[in-house]
Amino acid sequence: MCGIAGILHRDGRPASITALTAMTDIIAHRGPDGEGHYCNGPVGLGHRRLSIIDLTDAARQPMETRDGRFVLTYNGEIYNFKELKIELSAKGHVFNSSGDSEVLLHAFAEWGIGALLKFNGMFAFAIWDNQERKLTLARDRFGVKPLYYAELGQTFVFASEHKAFRAFPEYKARVDIRGLSEYLSFQNFFAERTLFAGVKLLPAGCYLQISQGGKIGEPVQYWDFHFEEPEYAVDENEALDELDRLFRQAVNRQLVSDVEVGCYLSGGMDSGSITALASSQLPFMRTFTVGFDLNSASGVELGYDERTKAEYMSYLFKTEHYEMVLKAGDMERALPRLAWHLEEPRVGQSYPNFYAAKLASKFGKVVLTGTGGDELFAGYPWRYYRAVVNDDFDHYIEKYFGFWQRMVPSGTMPSLLGPVWDEAKQTSPIDIFRGVFKEHASELRRPEDYVNHSLYFEAKTFLNGLLVVEDKLAMAHGLESRVPFLDNDLVDFAMKLPAKMKLGNLTEVVSLNENEPGGKAQRYYERTKDGKLILRKMMSRHIPDEVAEREKQGFSAPDASWFKGESIEYVKRRLFSNTARIYDLVDRKTVRSLVDEHLEGRQNRRLLIWSLLNLEQIMESCF
-4 MCGIAGILHR DGRPASITAL TAMTDIIAHR GPDGEGHYCN GPVGLGHRRL SIIDLTDAAR
56 QPMETRDGRF VLTYNGEIYN FKELKIELSA KGHVFNSSGD SEVLLHAFAE WGIGALLKFN
116 GMFAFAIWDN QERKLTLARD RFGVKPLYYA ELGQTFVFAS EHKAFRAFPE YKARVDIRGL
176 SEYLSFQNFF AERTLFAGVK LLPAGCYLQI SQGGKIGEPV QYWDFHFEEP EYAVDENEAL
236 DELDRLFRQA VNRQLVSDVE VGCYLSGGMD SGSITALASS QLPFMRTFTV GFDLNSASGV
296 ELGYDERTKA EYMSYLFKTE HYEMVLKAGD MERALPRLAW HLEEPRVGQS YPNFYAAKLA
356 SKFGKVVLTG TGGDELFAGY PWRYYRAVVN DDFDHYIEKY FGFWQRMVPS GTMPSLLGPV
416 WDEAKQTSPI DIFRGVFKEH ASELRRPEDY VNHSLYFEAK TFLNGLLVVE DKLAMAHGLE
476 SRVPFLDNDL VDFAMKLPAK MKLGNLTEVV SLNENEPGGK AQRYYERTKD GKLILRKMMS
536 RHIPDEVAER EKQGFSAPDA SWFKGESIEY VKRRLFSNTA RIYDLVDRKT VRSLVDEHLE
596 GRQNRRLLIW SLLNLEQIME SCF
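Be aware that the sequence shown starts at -4, since it is given in this note's numbering, and climbs by one per residue.
It cannot be assumed that every hint is accurate.
Stated by the list, open to error - With a straight-line Cα cutoff of 25 Å, these simulated DSS-like cross-link-like pairs (lysine-lysine) come out:
(1) Lys584 to Lys567
(2) Lys495 to Lys394
(3) Lys210 to Lys158
(4) Lys167 to Lys420
(5) Lys532 to Lys313
To be verified - Cβ pair distances, simulated, as ranges:
(6) Trp218 to Arg8: 30 to 36 Å
(7) Asp49 to Lys420: 50 to 56 Å
(8) Glu82 to Gly209: 44 to 50 Å
(9) Asp49 to Asn573: 51 to 57 Å
(10) Gln126 to Val384: 55 to 61 Å
(11) Asn247 to Tyr227: 26 to 32 Å
(12) Asp52 to Gly209: 34 to 40 Å
No wet-lab data here; the hints were simulated from the structure.
Since this is a predicted model, take the numbers as computed values, not measurements.
Beta carbons: idealized from backbone N, C-alpha and C, even for Gly.
Using the sequences plus the hints, can you model the full thing?
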C-alpha cells in the first residue's frame, strides 16, 4: 500500500526530478516508510512506500526489469502473487525479492495487458515501456485503489491523489461545475468526472495507455460486473458450501503480510464474520470499533452505537479490542484535515471512517473491513423493492433514478445552482444515471432482472464511492485497508447467485397492489432483515445466530440530531456566513431555506448539510 505519481512530457522534454519529488512529497502520508524516483528522458515515476510485504530494500520502487525495458510504480497488494511467481519462474523469470511488486512487474513483461486478468487483488500502477515509449496506467477490477490523471498542456500527470498535481505551476484548481451538479444530484460521482476541472479518475477495471508524442486515448475496460440469473436451478446447500469455501479462501488470502493484521469490528455480520475467520488463523489479532455519544439522539439513531455488540464478538473471538466514542464536536475538529485528504466529497458522511482509521493506525499498518458484502449480496432490499415491477427498462430507470436523486428535492437544482446554472444545466442527471448502464439485456421480463441491474448499478457507483473514501481516509493515517469480500473468485460466484437466494420477500413485493392503501413503505421498503439471505445462512456457521440475523444498519453518526442540537451553532457559523466560499457556486437563499427545514424539524436534510459543510471546507482547503 503506497502512493504513486508520475509525469510524461509528450513533447519530449526531460522530466524534472524536482517536480516529481514535489509530487510525492505532497502524498507522503500514503508512504511514510520510504521514497523512490525514476527519471529517464520525458518520463518520471515516483513512489512513496508503506512497507507491508517484503520489508527489505529489494522491494523498493520504482522497480525495473533486468533488461531495463519496463519500469513500475505500484500501489496495492496482489494476493495471489505466490502462485503467479511459480508460474513465471517456470517461464524463466528470476526474482530478487519476496514481495508482490516484482511479480506484478514480471507478469506485465510476460503477458502485457493480459496480466490484468490474472491479478487477484487491489492495485493502481503505472508501467513505462522504454522500448515502445509507452506509459500504461491500470486499476483493479473493483476500484479499491484510486488513480487520477490530468493533461497540463503537453504534460500528462497521474497520482494516487490529485493534490499531487499542485506541484506544477500550470495546474490551477478549478471547480468542475458539471461535476458539482452530479455530486449534488447523487452525493457521488458515477464515472471518471471529479470535482476538479480537467482531473479524471481512471474508472475501475480499466487501463489507459499513452505513447510519447501521441494523443491521450479513452480508458479501456478489461473487466466489468455482470450480475445475472443462472440458467439452471441452483441447489441451496451446495451453494452454501461453496460460498463458505470461497469466503474462507478470500479471508485467508488477504492475511498475507509481514506486519500485523487487524480488523474493523462494527458489531454487524460482515465485519464479525471476517473477524471470526481471521482470528482463527492468527495467533493474535486486534479489533477496532467507533461508537457514538447518543445523549441527544432520537428515533433510529438510538441504535447507531454498536460498541456493546462489538465487545461481545471480541470476547467470542478473543481479540484485543479498542474503541473510540465520537461526540458532536468531533466532526468540527476533524473536518479541515479530513477535507484535505478526501479532496472531493463522496457518499455518506465520512468522518467516522476517518476516526476509525486514526484509531487502527495507532496499533498497526493493515486492517480488514467488511466493505462490499452489501453490494454483492443485496444488503439494501428496500432499494431494490422500489424498482422490481416495471413496464420496461426506461420505466425502471425512471423509478430507480427517483430513489437515488434524494439529496436535493426534485426541481430545486436550478435554484440551488443559480450562480452557475448556465453551465450546470448542460448536465442531465438522468442521462448520467442511465449512462452507468453502457449496455443492458435486450429484454427485462422478470423482477430478478431488475434486481440484478440494481446490483450492477450500486457496485459501479455506490461501492465505487465507498472505496474511494475508504482508501483516502485509511491512507491519511498510513493504514492499508483490505476488503476480503472483493476477492475475484468470491465476486464471480456472488454475481451468479439467484436473486431469491439474496432477497426474502421478492415474490411478495412483486404481487403488491400499487393501489393498496397505506402501510406499503413500512411493510416492504423499510424492512432490513430480508437481504443477504444466503450470506446470513452461511455466516451463522461462524458467528452467533443473533448476529447473522441482525437487521441491516449502516455505519452512521447521529448527525440528524446533532445538526439540530450540539452542532447547530457550527452549522450556522459555516453555512450562514457572509463570507462562505460555497456561495460562489450555490444560491444563499435556497441553501438557507433547505437547511432551515432541517433545523426546524420539518425535513431530514442531514446528507445535504454534511455535503455543504464538506464542500465549504474543500473550497477553503483546495481552491
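Status of each hint after checking the structure:
A threshold of 25 Å between alpha carbons decides the hint, and for Lys584 with Lys567 the separation of about 14 Å falls inside it, so the pair holds. Between Lys495 and Lys394 the CA atoms are separated by roughly 21 Å; this keeps the pair inside 25 Å, and the hint holds. Taking the CA atoms of Lys210 and Lys158, the gap is about 24 Å. The hint holds against a cut of 25 Å. Only pairs whose Cα atoms come within 25 Å are accepted, and Lys167 paired with Lys420 is accepted, the gap being roughly 24 Å.
A hinted pair counts as satisfied when its Cα atoms are at most 25 Å apart, and Lys532 with Lys313 qualifies at roughly 23 Å. For the pair Trp218 and Arg8, the beta carbons lie near 35 Å from each other, so the given range of 30 to 36 Å is met. About 53 Å separates the C-beta atoms of Asp49 and Lys420, a value consistent with the hinted range of 50 to 56 Å. Taking 44 to 50 Å as the suggested C-beta distance range, the pair Glu82 and Gly209 does not conform, at roughly 32 Å.
At about 55 Å, the beta-carbon gap between Asp49 and Asn573 stays in the expected band of 51 to 57 Å. The supplied range of 55 to 61 Å is met by Gln126 and Val384, whose beta-carbon atoms lie about 57 Å from each other. Checking the proposed 26 to 32 Å range against Asn247 and Tyr227 shows it holds: the Cβ atoms sit about 30 Å from each other. About 35 Å separates the C-beta atoms of Asp52 and Gly209, a value consistent with the hinted range of 34 to 40 Å.
Going down the numbered hints, you'll see the structure goes against just number 8.
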